[in-house]
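K.L.:
Using the sequences plus the hints, can you model the full thing?
Number of protein chains: 2
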Amino acid sequence: MQLQLESPLDMHLHLRQDDMLKIVAPLSAASFAGAVIMPNLLPPVDSAERLANYRRAIDAAVGDLTFEPYMTLFFRDYSEGELLTLREHIIGIKLYPAGVTTNSDAGVAALEAAESTIGRMEDLGIPLLVHGETNDFVMDREEAFLSVYDRLAQRFPRLQITMEHITTRRAVELLERHDNLRATVTLHHLLITLDDLAGGLLNPHLFCKPIAKRPEDRQALLEAALAAHPRLMFGSDSAPHPLSSKECSGCAAGVFTAPIALPMLAELFERHGALDKLQDFVSGNAQRLYGITPPPKVVRLHKEEFHIPAAYGPVVPMNAGGTVTWCLS
Amino acid sequence: MQLQLESPLDMHLHLRQDDMLKIVAPLSAASFAGAVIMPNLLPPVDSAERLANYRRAIDAAVGDLTFEPYMTLFFRDYSEGELLTLREHIIGIKLYPAGVTTNSDAGVAALEAAESTIGRMEDLGIPLLVHGETNDFVMDREEAFLSVYDRLAQRFPRLQITMEHITTRRAVELLERHDNLRATVTLHHLLITLDDLAGGLLNPHLFCKPIAKRPEDRQALLEAALAAHPRLMFGSDSAPHPLSSKECSGCAAGVFTAPIALPMLAELFERHGALDKLQDFVSGNAQRLYGITPPPKVVRLHKEEFHIPAAYGPVVPMNAGGTVTWCLS
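Chain order of the listed sequences is C and U.
The numbering of the first sequence is the numbering used here, which starts it at 6 and goes up by one.
The numbering of the second sequence is the numbering used here, which starts it at 6 and goes up by one.
One thing to keep in mind: the hints can contain errors.
Simulated coverage check for chain C against chain U, where a stretch passes if three residues somewhere in it have a Cβ under 8 Å from a Cβ of chain U [as the list claims (entries may be wrong)]: (1) 56-64; (2) 196-202.
What the simulated footprint calls covered on chain C by chain U, stretch by stretch (three residues with Cβ under 8 Å from a Cβ of chain U suffice, anywhere in the stretch; the number is not a length) [claimed, not checked]: (3) 133-144; (4) 147-161.
It is worth saying that the hints were derived from the structure and are not from the lab.
Beta carbons: idealized from backbone N, C-alpha and C, even for Gly.
P.N.:
Put into structure tokens, the structure is as follows:
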């Protein structure tokens, strides 16, 4: 049994820098025709020069593989002149609401300072990508932020806003309320709940932000993904950390899924009789929502047990040592 | 500034066996006049011989220190003859409801098989100590079990039932409903929520079962402890694991607090102006509820910054490397 995917896209990806970039970029490029590249480096990608340098480093790491890095900038105040110059090099600007504290009112207040730049982005047709969490109790952070999305969507009706890596039923419901809201969802949030992280032994390799939520949340995300909800896109949020930063006393957040995402998605969609929806979920929706045309690239999978490696270099993938019923051809 | 505690008791303690026992037993005996010793060894403590052997090993590990190990048996079907023989050597029998699955109805069903032994315990005045969790979603497990406590308390009105290591507001509320229910609460559940485990970096040394819950749960536990609620007792659930079982891909549940519990409790109760309630919380309530008279032992603390060690042998304590404002004299 074979499966062909046309130009699959990963709409939320961390590629890191230097040695880690060289390890993980080819793994994404083996599966995907392109990916939206997160800008949260040290220092963040927030200038034309850093953007160009990062793009060059990614292209070098990918080598001859067909792979379009859809670059993003780290949100700060940008002048209209800057945005005009940068616009053609990016797919959007990523907002990490650092000032967002304790409740959504404060979130809105902190965002008010950002509104002039957001207004310029709306005028210039630059999408806003948002890590939508407050600093509330860890299980409440996404839901507490939803009112900020609600307000942004109303206040900037022509702005395209992506709720990144949604994890709750209420976030799925919010998609219905505003035409200018869309969302990405990860592989791991379709598969796990807090139980998988902490219900038996604690598994640091499933620790991520936003944290995996309740069974009813996963169910809502899964139903939306399996139906290829027209405003939902696959974004792995694949986030590599070396083993030494995961199996330790202060474990970094992030699940590494890039090399296994398509086989595991195929397995999941097949199990639910929804393989016919996978193309839209991993490419069609993103092309339509962002108005992008990725490089032509056919990725083939076949039905064969694939043993997930214990590690890719220093990085332990999700389900390391396990198996998946589909395999990249 | 000095604080004297008369015969402080730890009403829920894991001492393990062999080398670990030799490391941790003296640390508990340095702070406490006695402790209720959990029987979940491999194999479990469920016979007169194992009970006697374990007691002997504990006494040997404690050496010359004044320390009464209040022994428990692991729950199984016990005949009346067995219970009559064992009764004088134990403070109670600990039930880990292994058959409890997915919901409290199943929990009750699984417990029905246990009811003849529980009935004998009631008749003989042997307390029942319970790990009250179902196999539901990890944040719901204790609340889902409360209906089992409710039923047990009604069905066996003369049975003394201890809800071990309670973690939720609703468990505190349930204490009001039945005179024959009492509870232990740990130090860590008075201090942390799921945020401390997983809200920032993931901290495996704060991973425990039951998992730390929500801020409103901690608040309810704290209010009950600070008031020395007459049916609430301190039980550390101090559970030592070697570092290699904590900072790894499958981290064992347990927080090690035995050597720092009294200083941290003094700090906590002082901060809330409740130092006058500490004696009842760490000894008086337990003496009254179990009808025990621990060996006379005055434990003195003084106000001095204590630097919590990075490890006690192979075991990392809670707040390793941090400080606490009270110190054992």
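K.L.:
Indicate, hint by hint, whether the structure satisfies it.
P.N.:
Verification of the supplied hints:
no., hint, result
1, 56-64, "violated (count 0)"
2, 196-202, "holds (count 4)"
3, 133-144, "holds (count 3)"
4, 147-161, "violated (count 0)"
Of the hints listed earlier, those the structure fails to meet are numbers 1, 4, in rising order.
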